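For reference, the chains in residue letters:
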Amino acid sequence: RKEVEQDPGPFNVPEGATVAFNCTYSNSASQSFFWYRQDCRKEPKLLMSVYSSGNEDGRFTAQLNRASQYISLLIRDSKLSDSATYLCVVNSGGYNKLIFGAGTRLAVHP
Amino acid sequence: GAVVSQHPSWVICKSGTSVKIECRSLDFQATTMFWYRQFPKQSLMLMATSNEGSKATYEQGVEKDKFLINHASLTLSTLTVTSAHPEDSSFYICSAKTGHLTGELFFGEGSRLTVL
Numbered sequence: 001r002k003e004v005e006q007d008p009g010p011f012n013v014p015e016g017a018t019v020a021f022n023c024t025y026s027n028s029a030s031q032s033f034f035w036y037r038q039d040c041r042k043e044p045k046l047l048m049s050v051y052s053s054g055n056e057d058g059r060f061t062a063q064l065n066r067a068s069q070y071i072s073l074l075i076r077d078s079k080l081s082d083s084a085t086y087l088c089v090v091n092s093g094g095y096n097k098l099i100f101g102a103g104t105r106l107a108v109h110p
Numbered sequence: 111g112a113v114v115s116q117h118p119s120w121v122i123c124k125s126g127t128s129v130k131i132e133c134r135s136l137d138f139q140a141t142t143m144f145w146y147r148q149f150p151k152q153s154l155m156l157m158a159t160s161n162e163g164s165k166a167t168y169e170q171g172v173e174k175d176k177f178l179i180n181h182a183s184l185t186l187s188t189l190t191v192t193s194a195h196p197e198d199s200s201f202y203i204c205s206a207k208t209g210h211l212t213g214e215l216f217f218g219e220g221s222r223l224t225v226l
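Respectively, the protein sequence lines represent chains A and B.
Numbering follows this note's numbering, in which position 67 of the first sequence is assigned residue number 67; successive positions increment by one, without gaps.
Numbering follows this note's numbering, in which position 72 of the second sequence is assigned residue number 182; successive positions increment by one, without gaps.
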């Protein structure tokens, strides 16, 4: 089993749609959680950290369920510029390294 | 925000040659740098953790004699792919963090290696 698993994708949605991505992780000792965005042939860039109480940044909302070891990302009012691959990232509990999910590709069309 | 620069951004080489990739932290001192590899449509896979002034820690399955890592200063880490073969063709990305930026990594722009 992979340490971090994500929805396979791709998600093809129209502009203005709401889309949700899910992610599960296997290491119960993990402490830090993130969503990164990666554009084609580019490096990943931090989208947002994920906090236990859930957090929102504009159109983006992240949720964490430690009991279920589940993380989600909700994007509201999708824009064409949101088209990218979204990576779920988890730290390897107590050790200074991050584990990346395979990513979920989002394509927003007019 | 912190900036990490990686060079070269792309390189094409012949099979059997060695290629060096540099990763620099431009506006902060990076005590730890990480090297990742990403094949097409796959996730980033951590290759090794590089600590300034000490030997790198390699992940399982990564050959330390093939992927030489040097972290000689707080702003520079290098990855050398020795005797490169076509199967080493990939996107190599470095990242860096300082001690107080817990969990957040700053990524270089990546280096795309093509071995002919």
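Accuracy of the hints is not assured; some may be wrong.
[Unchecked claim] Dumping the calculated DSSO-like pairs for lysine-lysine here, alpha-carbon to alpha-carbon at most 27 Å:
| # | chain 1 | residue 1 | chain 2 | residue 2 |
| --- | --- | --- | --- | --- |
| 1 | B | LYS130 | B | LYS176 |
| 2 | A | LYS79 | B | LYS165 |
| 3 | A | LYS45 | B | LYS124 |
| 4 | B | LYS151 | B | LYS130 |
| 5 | A | LYS97 | B | LYS130 |
| 6 | B | LYS124 | A | LYS2 |
| 7 | A | LYS2 | B | LYS151 |
| 8 | A | LYS97 | B | LYS165 |
| 9 | A | LYS42 | B | LYS176 |
| 10 | A | LYS97 | B | LYS174 |
[Stated by the list, open to error] Chain B side only, calculated, beta carbon under 8 Å to chain A, not exhaustive:
| # | residue |
| --- | --- |
| 11 | PHE144 |
| 12 | PHE149 |
| 13 | GLN152 |
| 14 | SER153 |
| 15 | LEU156 |
| 16 | THR159 |
| 17 | GLU162 |
| 18 | GLY163 |
| 19 | LEU215 |
| 20 | GLY218 |
| 21 | LEU223 |
| 22 | VAL225 |
Simulated from the structure, these hints should not be mistaken for lab results.
Remember, predicted model here, so these are calculated numbers, not experimental data.
Note that CB positions come from ideal geometry on N, CA and C, so glycine has one too.
Going through the hints against the structure:
1. B:LYS130 to B:LYS176: holds, 12 Å
2. A:LYS79 to B:LYS165: violated, 45 Å
3. A:LYS45 to B:LYS124: violated, 31 Å
4. B:LYS151 to B:LYS130: holds, 24 Å
5. A:LYS97 to B:LYS130: Distance of about 23 Å is within 27 Å: holds.
6. B:LYS124 to A:LYS2: violated, 34 Å
7. A:LYS2 to B:LYS151: holds, 16 Å
8. A:LYS97 to B:LYS165: holds, 16 Å
9. A:LYS42 to B:LYS176: holds, 25 Å
10. A:LYS97 to B:LYS174: Holds, because 18 Å separates the two Cα atoms, which is no more than 27 Å.
11. PHE144: Holds. Min distance 7 Å.
12. PHE149: violated, 11 Å
13. GLN152: holds, 6 Å
14. SER153: holds, 4 Å
15. LEU156: At 6 Å from the nearest chain A Cβ, LEU156 of chain B passes the 8 Å test, so the hint holds.
16. THR159: holds, 6 Å
17. GLU162: The hint is violated - GLU162 of chain B has no Cβ within 8 Å of chain A, the shortest such distance being about 13 Å.
18. GLY163: Where the cut-off is 8 Å and the nearest Cβ of chain A is about 16 Å from GLY163 of chain B, the hint is violated.
19. LEU215: For LEU215 of chain B, the interface hint holds, since the closest Cβ of chain A sits about 6 Å away, which is under 8 Å.
20. GLY218: holds, 6 Å
21. LEU223: violated, 13 Å
22. VAL225: violated, 18 Å
Of the hints listed earlier, those the structure fails to meet are numbers 2, 3, 6, 12, 17, 18, 21 and 22, in rising order.
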